[in-house]
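Top to bottom, those sequences are chains A and B. Its first residue numbered 1, the first sequence is counted upward by one per residue in our numbering. Its first residue numbered 1, the second sequence is counted upward by one per residue in our numbering.
Everything labelled a hint here was simulated from the structure, so no lab data went into it. Backbone N, C-alpha and C fix where the C-beta goes; we use that ideal spot for every residue, glycine too. Be a bit skeptical, because a hint or two may be false.
[What the hints assert, rightly or not] Heads up, simulated SDA-like pairs for lysine to any residue below, C-alpha to C-alpha not over 25 Å straight-line:
1) A/K137 <-> B/A131
2) B/K402 <-> B/G385
3) A/K259 <-> B/S547
[Claimed, not checked] Covered, in the sense of this in silico footprint (three residues per stretch, anywhere, with C-beta under 8 Å from a C-beta of chain A), are these stretches of chain B:
4) 77-90
5) 222-231
6) 320-334
7) 535-548
Chain residues, written in single-letter form:
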Amino acid sequence: MSILPEAQAKAILTKVVGLSTADECVAQLNGGTRGNIRFALNNVSTSGIVDDIELAVQVAFGKRVGIATINQFDDASLERVVRRAEELARLAPENPEFMPAIEAQTFTPTATFSPATAAITPADRARAATASIAPCKASGLTAAGYLEDVTGFVCFLNSKGNYGYQTSTSVDYTCTVRTEDGRGSGWVGHNVQDMAAFDADADVRIAMRKASASADAMALEPGKYTVILEPAAAAGLIGFMMNFFDARSADEGRSFLSKPGGGNKIGEQVFGPEVSFHTDPAYPDAAVYPWDNEGMPRAPMPIVENGRIVNLEYSRYWAQKQGKTALAGTGNLIMAGGDKSTADLIRSTDRGILVTRTWYIRMVDPQTVLLTGLTRDGTFYIENGQIKHPIKNFRFNESPVIMLNNVEELGRPVRVQSDEGGYVMVLPAMKLRDFTFTSLSDAV
Amino acid sequence: MEAIVHRRDFLSLGAVGMGGLVLPSMFAGTAIAAQDLVSTLDVRLKKSLADAGMNAATQAGASYCDVRVGRYLRQFVITREANVENIVNTESTGVGVRVIADGAWGFAATNAMTPEAVAQTARDAVAIAKANAGTLTSRVQLAPVTGVGEVSWKTPIVKNSMEVPIEEKVELLMGVNSAAMEAGANFVQSMLFLVNEQKYFASTDGSYIDQDVHRIWAPMDVTVIDQASGKFRNREGLSAPMGLGFEYLNGSPSGKTTLPNGVVVYGNSYDMKEDAIAAARQARAKLTAPSVKPGKYDLVLDPSHTWLTIHESVGHPLELDRVLGYEANFAGTSFATMDKMRDRFQYGSDKVNLFADKVQPGSLGAVPYDDEGVATKKWDLVRDGKLVGYQAIRDQAHIEGKAASDGCCYADSWASVQFQRMANVSLEAGKTPLSVAEMISNVEDGIYIVGDGSFSIDQQRYNAQFGGQLFFEIKNGAITHQIEDVAYQIRTPEFWNACSAICDERDYRLGGSFFDGKGQPSQSSAVSHGSSTARFDGINVINTARSLG
Numbered sequence: 001m002s003i004l005p006e007a008q009a010k011a012i013l014t015k016v017v018g019l020s021t022a023d024e025c026v027a028q029l030n031g032g033t034r035g036n037i038r039f040a041l042n043n044v045s046t047s048g049i050v051d052d053i054e055l056a057v058q059v060a061f062g063k064r065v066g067i068a069t070i071n072q073f074d075d076a077s078l079e080r081v082v083r084r085a086e087e088l089a090r091l092a093p094e095n096p097e098f099m100p101a102i103e104a105q106t107f108t109p110t111a112t113f114s115p116a117t118a119a120i121t122p123a124d125r126a127r128a129a130t131a132s133i134a135p136c137k138a139s140g141l142t143a144a145g146y147l148e149d150v151t152g153f154v155c156f157l158n159s160k161g162n163y164g165y166q167t168s169t170s171v172d173y174t175c176t177v178r179t180e181d182g183r184g185s186g187w188v189g190h191n192v193q194d195m196a197a198f199d200a201d202a203d204v205r206i207a208m209r210k211a212s213a214s215a216d217a218m219a220l221e222p223g224k225y226t227v228i229l230e231p232a233a234a235a236g237l238i239g240f241m242m243n244f245f246d247a248r249s250a251d252e253g254r255s256f257l258s259k260p261g262g263g264n265k266i267g268e269q270v271f272g273p274e275v276s277f278h279t280d281p282a283y284p285d286a287a288v289y290p291w292d293n294e295g296m297p298r299a300p301m302p303i304v305e306n307g308r309i310v311n312l313e314y315s316r317y318w319a320q321k322q323g324k325t326a327l328a329g330t331g332n333l334i335m336a337g338g339d340k341s342t343a344d345l346i347r348s349t350d351r352g353i354l355v356t357r358t359w360y361i362r363m364v365d366p367q368t369v370l371l372t373g374l375t376r377d378g379t380f381y382i383e384n385g386q387i388k389h390p391i392k393n394f395r396f397n398e399s400p401v402i403m404l405n406n407v408e409e410l411g412r413p414v415r416v417q418s419d420e421g422g423y424v425m426v427l428p429a430m431k432l433r434d435f436t437f438t439s440l441s442d443a444v
Numbered sequence: 001m002e003a004i005v006h007r008r009d010f011l012s013l014g015a016v017g018m019g020g021l022v023l024p025s026m027f028a029g030t031a032i033a034a035q036d037l038v039s040t041l042d043v044r045l046k047k048s049l050a051d052a053g054m055n056a057a058t059q060a061g062a063s064y065c066d067v068r069v070g071r072y073l074r075q076f077v078i079t080r081e082a083n084v085e086n087i088v089n090t091e092s093t094g095v096g097v098r099v100i101a102d103g104a105w106g107f108a109a110t111n112a113m114t115p116e117a118v119a120q121t122a123r124d125a126v127a128i129a130k131a132n133a134g135t136l137t138s139r140v141q142l143a144p145v146t147g148v149g150e151v152s153w154k155t156p157i158v159k160n161s162m163e164v165p166i167e168e169k170v171e172l173l174m175g176v177n178s179a180a181m182e183a184g185a186n187f188v189q190s191m192l193f194l195v196n197e198q199k200y201f202a203s204t205d206g207s208y209i210d211q212d213v214h215r216i217w218a219p220m221d222v223t224v225i226d227q228a229s230g231k232f233r234n235r236e237g238l239s240a241p242m243g244l245g246f247e248y249l250n251g252s253p254s255g256k257t258t259l260p261n262g263v264v265v266y267g268n269s270y271d272m273k274e275d276a277i278a279a280a281r282q283a284r285a286k287l288t289a290p291s292v293k294p295g296k297y298d299l300v301l302d303p304s305h306t307w308l309t310i311h312e313s314v315g316h317p318l319e320l321d322r323v324l325g326y327e328a329n330f331a332g333t334s335f336a337t338m339d340k341m342r343d344r345f346q347y348g349s350d351k352v353n354l355f356a357d358k359v360q361p362g363s364l365g366a367v368p369y370d371d372e373g374v375a376t377k378k379w380d381l382v383r384d385g386k387l388v389g390y391q392a393i394r395d396q397a398h399i400e401g402k403a404a405s406d407g408c409c410y411a412d413s414w415a416s417v418q419f420q421r422m423a424n425v426s427l428e429a430g431k432t433p434l435s436v437a438e439m440i441s442n443v444e445d446g447i448y449i450v451g452d453g454s455f456s457i458d459q460q461r462y463n464a465q466f467g468g469q470l471f472f473e474i475k476n477g478a479i480t481h482q483i484e485d486v487a488y489q490i491r492t493p494e495f496w497n498a499c500s501a502i503c504d505e506r507d508y509r510l511g512g513s514f515f516d517g518k519g520q521p522s523q524s525s526a527v528s529h530g531s532s533t534a535r536f537d538g539i540n541v542i543n544t545a546r547s548l549g
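Please build the complete structure, drawing on both the sequences and the hints.
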């Protein structure tokens with residue numbers, strides 16, 4: 001059990017900060033238990049648990065910074081990690097962008113911890129795997145999937161007294177179900193904070209239905225289509241774009257949010273009027289720690305309102321240089337939507353394509369955030385409000401910036417995680433005009 | 001899949017301050033002082049730990065046991081323009097024990113370096129194996145390996161990167177950055193990634209193998225902007241990550257090749273400063289280069305580009321675990337199914353020979369023994385265009401009908417269980433003498449691509465799309481000018497069957513990936529891919545320029 005009680009964590013950090021002879025010291029404990037189970041070909045393949053707690057110490061002499069980490073907490077180890085950080089700081093060149101440690105702040109706790117997740121046992125993980133495999137076996141389908149749960153904590157203290165402690169949990173489940181002949185494939189993903197809200201048996205049915213329904217895929221000509229991206233399919237594209245919501249790269253002229261002639265696009269209409277993003281550390285079921293990576297308090301903040309850019313991230317250094325107020329880095333992203341389910345969006349579609357999952361998304365041109373990637377594990381043609389037949393997968397070349405100027409309708413937002421990680425997002429299913437597919441893929 | 005290395009992953013270390021400090025996995029380990037990076041563990045200690053583990057496992061009922069005592073050292077130096085943003089030294093030391101008991105695998109690991117702790121870890125691994133045995137549908141079948149006794153090996157480096165003072169590294173990168181800025185760059189990032197894996201492997205087959213593996217990578221990214229139009233372009237460095245020491249950065253003339261378009265590319269030695277200057281100029285030229293007209297072109301691909309196409313469309317689909325379905329949920333399966341191997345599927349034209357190996361000098365994969373004690377080798381995947389082999393490890397060899405493992409098992413840490421990873425996979429040089437200039441002189445309507453760019457491929461490795469760093473139009477046998485906005489789309493078998501010429505071994509060079517991800521939880525490995533310049537006829541090229549209105 002790698003959650004240190006608050007009193008114990010605070011005592012360690014107080015000792016560490018007291019040991020430092022540097023101008024400034026910042027210490028942080030970060031730890032937890034990470035459990036996983038993996039299955040493929042209807043068999044459990046691997047299962048593991050990793051317990052770890054790491055202490056990171058950053059010290060500064062003037063503008064020279066050193067970082068050291070350790071995972072033992074006896075007095076001699078604490079002394080050693082502080083001296084190592086100090087030694088590295090003395091060897092380091094001055095960092096002209098060094099910012100001093102933050103003064104003590106007040107943080108409002110957020111609901112990031114769920115007892116049911118913290119109580120997961122190896123037997124629970126095995127049950128989730130069995131619940132995924134058994135119905136597939138019974139239906140002549142093949143399951144491959146992965147469940148990972150994390151119960152963690154963070155505690156930090158700096159030499160100016162900025163202090164925080166909080167625990168958190170999360171569960172991520174994905175399952176790919178294939179037909180035995182390899183002609184059909186379906187997928188489901190479910191990311192939750194609370195294990196009590198997760199039911200592998202219900203989730204796997206979605207992947208099973210999509211696997212069976214996708215077996216006789218027909219080829220459509222590549223081109224521009226109305227698409228319905230399920231929230232998980234949209235996550236990879238949206239997450240990629242959000243990497244550019246940084247004031248510095250925009251001000252430096254190397255982002256789609258740079259303004260020709262200089263400056264950034266804060267205040268400008270960049271997306272369609274349906275598009276609004278905000279961040280809120282206390283957002284229900286998607287809460288994140290109430291502080292950012294620098295120990296600044298997070299607060300609810302609009303990012304895009306009705307298509308207009310409201311806020312970009314300013315690091316403390318860049319805010320100071322530009323005469324702006326530094327705001328805490330975002331921990332989650334919430335996109336506004338409506339009340340409709342994906343099924344409702346399908347019913348209101350004359351002709352279009354339903355996309356379950358997107359895959360291997362990479363940047364083609366940063367100038368326009370043109371991304372390429374593929375559909376996967378359940379792509380269907382919609383006609384007259386109904387799913388007509390499965391279609392072969394497509395490669396897309398599309399910019400989320402263009403895509404979010406072509407919004408027809410948004411569904412009910414749900415919590416998702418993209419294939420390659422990233423932060424917690426709450427996204428709606430999106431019906432979009434003129435989404436650009438450039439070639440067919442034979443992959444199932 | 002090839003990892004995306006976000007710059008903010010590196011920067012997050014600079015803000016270790018507080019809140020969710022996340023050390024990216026590539027930084028895993030304990031930060032240490034620079035002088036600790038040049039030491040090694042006593043081999044007698046390693047042997048005593050291994051013996052403790054193997055004895056305990058055998059006594060607990062294991063029919064097989066291997067023990068890996070690992071010390072993984074990494075140093076990262078990260079700079080932009082005139083600033084050193086970060087210097088990080090990390091160390092991770094511990095012991096991983098893998099066993100077979102009751103026909104099932106079990107694995108456990110500990111960072112406690114005592115015989116008692118390793119013995120307990122071995123007993124834990126046996127307990128896990130016995131628990132797993134209950135659900136097993138078939139027992140593990142290991143291809144045989146003959147023990148080699150006590151042996152040791154070190155990557156044949158000239159200069160251990162870890163011994164080079166930090167000051168010298170900072171001076172090198174600052175020189176690179178200022179050269180780029182003087183040559184017209186608006187922004188430049190340059191980095192050094194240095195890795196030393198000290199790996200001791202012992203098994204109940206009777207092997208005690210001590211290997212000291214070194215790798216180096218010096219990536220760079222130069223950006224130019226035209227503020228008036230809001231247009232910006234970047235050009236990444238043309239180096240390759242290598243299994244070499246710091247001598248790779250000595251800029252020796254013997255490592256340089258000047259291509260027919262005037263671009264300088266690099267083999268076993270890299271001149272980072274020279275490349276930075278070229279990068280700034282070539283990035284500037286991109287701002288005004290004409291946009292490609294989409295259509296079918298004959299592509300001439302430089303090895304600095306082709307490595308990534310080989311990696312995605314040959315290396316990954318010919319991993320046997322992927323073919324069998326073990327990676328179905330994340331990385332995917334493979335179009336190159338077992339029946340295609342039996343039928344000697346025409347993977348490419350008869351000019352195409354693709355081989356796997358763990359032995360090429362200077363390559364990222366080069367080691368004499370893999371992470372399950374199998375002597376490494378070179379073997380064929382595609383011969384005369386036909387599919388003839390996969391990459392398989394000890395417990396997979398029997399599935400392919402092989403008597404022995406191919407020796408491509410790897411774990412990225414003592415704490416990770418070893419599994420099948422891509423060997424170096426390379427395109428054999430052409431047997432008939434052919435220079436790049438001669439190849440280009442025969443192309444009527446083509447595009448010459450240098451450097452790797454955007455990349456994406458589907459989950460069965462059919463449909464792929466690749467960009468590049470530099471594109472040049474070829475008309476009537478001559479290079480005309482630089483062009484922009486090029487990406488090509490392929491279907492893997494059609495692409496390799498469109499290969500009509502391969503330059504000879506004089507042009508053979510390595511490219512590679514320092515962070516190739518696979519598995520859940522994901523492990524990272526480093527792998528090289530060699531080729532000579534090759535020609536592919538009638539490939540579909542798209543124009544990637546868009547307008548945001």
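Hint check results:
1. The straight-line distance between the Cα atoms of A/K137 and B/A131 is roughly 22 Å, inside the 25 Å bound, and the hint therefore holds.
2. Annotation: proposed proximity of B/K402 to B/G385 holds, straight-line Cα distance about 21 Å (limit 25 Å).
3. A C-alpha spacing of about 14 Å is found between A/K259 and B/S547, which places the hinted pair at or below 25 Å, so the restraint holds.
4. Requiring three or more residues with a Cβ within less than 8 Å of a Cβ of chain A, the coverage given for the region 77-90 of chain B holds, as 8 such residues are present.
5. Counting residues of the region 222-231 of chain B whose CB lies closer than 8 Å to any CB of chain A gives 7, which reaches the minimum of 3, so the coverage claim holds.
6. Figure legend: the region 320-334 of chain B, annotated as covered by chain A; annotation consistent (9 residues with Cβ-Cβ distances under 8 Å, at least 3 required).
7. Look at the region 535-548 of chain B against chain A: 7 of its residues bring a Cβ nearer than 8 Å to a Cβ of that chain, three or more, so the hint holds.
Hint violations for this structure: none, all hints satisfied.
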